[in-house]
Amino acid sequence: MINQLWNTVWSRHHKTKDLFKRLNPHFILSQQIQANSDSSDNNHSNTKQQNGFKGSYNKTQWLGLFLGPLVFVWLYFGMSFEGLSSEGQGVLALTAWLSIWWILEVLPLGITSLLPIVVMPMMGTLTIAKVTSSYTDPNIFLFLGGFAIAIAIEKWNLHERISLGIISFSGSTVNGLIYGFMFATAFLSMWISNVATVMMLLPIGMAIVYKIISLLKQETSHDLDDEIKFTKAIVFAIGFGGIIGGSATLIGTPPNLILAGLVKEIYGYEIGFAQWFIFAFPLCLILAIFTTFWLTKIAYPMKAKKITEGKAFIQSEKTRLGKMSYEEKAVAIVFAVTAFMWLTRTFIWKDIIPGISDTMIAITAAMALYAIPATDGKRLLNADSLNEMPWDVLLLVGGGLALAAGFSNTDLSQWIGQQLLLLKNMPYLIALLLTTALTISITQVSPNTAVTTIFVPIAATLALALDVHPLPLMTAAALGAGFAFMLPIGTPSQAVIFATGKVSIRDMLMQGTLVTVLATLLIVASVYFIFPLAFGLDLFSFPEAWK
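Residue numbers (this note's numbering): -9 to 537.
Simulated from the structure, these hints should not be mistaken for laboratory data.
Only pairs whose alpha carbons sit at most 27 Å apart, straight line, appear in this in silico BS3-like list of lysine-lysine:
| # | residue 1 | residue 2 |
| --- | --- | --- |
| 1 | 293 | 492 |
| 2 | 313 | 368 |
| 3 | 414 | 537 |
All of these numbers come straight from a predicted model, not from anything done at the bench.
Given only the sequences and the hints, what does the whole structure look like? Please build it.
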């Protein structure tokens, strides 16, 4: 599974592959071996054809393929739930089916997310027009515009210039470089996908590692332990930084956008880009600082302190990039203006531009990128760029919103709330802690998008049972789902750092567990203290208009 995932993300980032090959001779050898293996496999294609459908699904997928619809039939036709209508029971059964297929990844996540279009009209839950409208929600177009900006940044290599610029400020100390990689990765992942950021920075990090190790070996005081520690600290700083930074902005990671879409669908409330940034950025900044402190001072403390050649290498890489091209400048201007508009929309632009929204700003930026000419006779983005859009993620967001519409248009939410009344005397902080701990635990072994889609509506019904504001609990669930630090199967960026061979499963469990515990506590503290200030709400009161 890990190798398959690595090959998938690798093939989608050819610039990173070229850079990695140029900097890592060991990887070239492994790729040559793989190529020889692939050639050998082609010579045995006739043998493979005799295996029939054996390779179409793995054992878990075969199980899920039949288990999903069987559970649906059992819950919809074979069970009776007191106080729940047949429409609500149908949505409950569909939720179980979707959960099984999402978590076991029976079909591509985006294709599974189309299931409500087929099932909901047949059950009479929603009309086909209402179901399909969920797949054209404004938040989906916000994500679409954000991805257009990310694709342009990657296409014209602006992300490498930004990352090298940030790392160059880190100084010439061992710890400084590790902090530099953490913050460079975190900043980029605020705007472009976590896995793309990690794959772009890993070759740079590995090149510095090889350079420093070669210099250390020439010293009489050479310490093999320092080699290992420095390598692992750099790899983890990049991997963890990609996950942490993505949660700081509304477009940085899919769980945030899914949360925003679900809140809009269920309650008609729009989470603003600036609101989210004011709340989430301090959380992510503190988590990044404490995580790097843990890596450098406790997990991997090193005897070596100064590494001037590392600084020199960064400068040589910046020199290699040369001056900013016209295209880089154009993309940087669009990116900067868009970020400024997002952050200032609610207190500057809403009274100047009628109907302005974060989605409108994002789509305007995307259209500008497709309209601005480039020096190659084309434009900053072309029709081919549409192929790089993460359509599976956009479909999954739509599927989650369709499911949420099923919850809100039937009595299922109220019924679940009634079942949760047993928890009505639970202290608020305990409910917040349990919600965060549940999603952050499950996301270590399940897709974060699926976990968010399933558990955010449940958090909303828990809030109704406790008679507290639903947004904080829903936010805690979504943030927890985005922090998969412990295993390579939790998120593609963790699979990428594991595939380098520099860290083991044991390493990931040891360091990831500590960061997960720290993230859980920070989420609870931030939601409890910062969230009410950023969003101007009362934690302990469920809005009457939302009941």
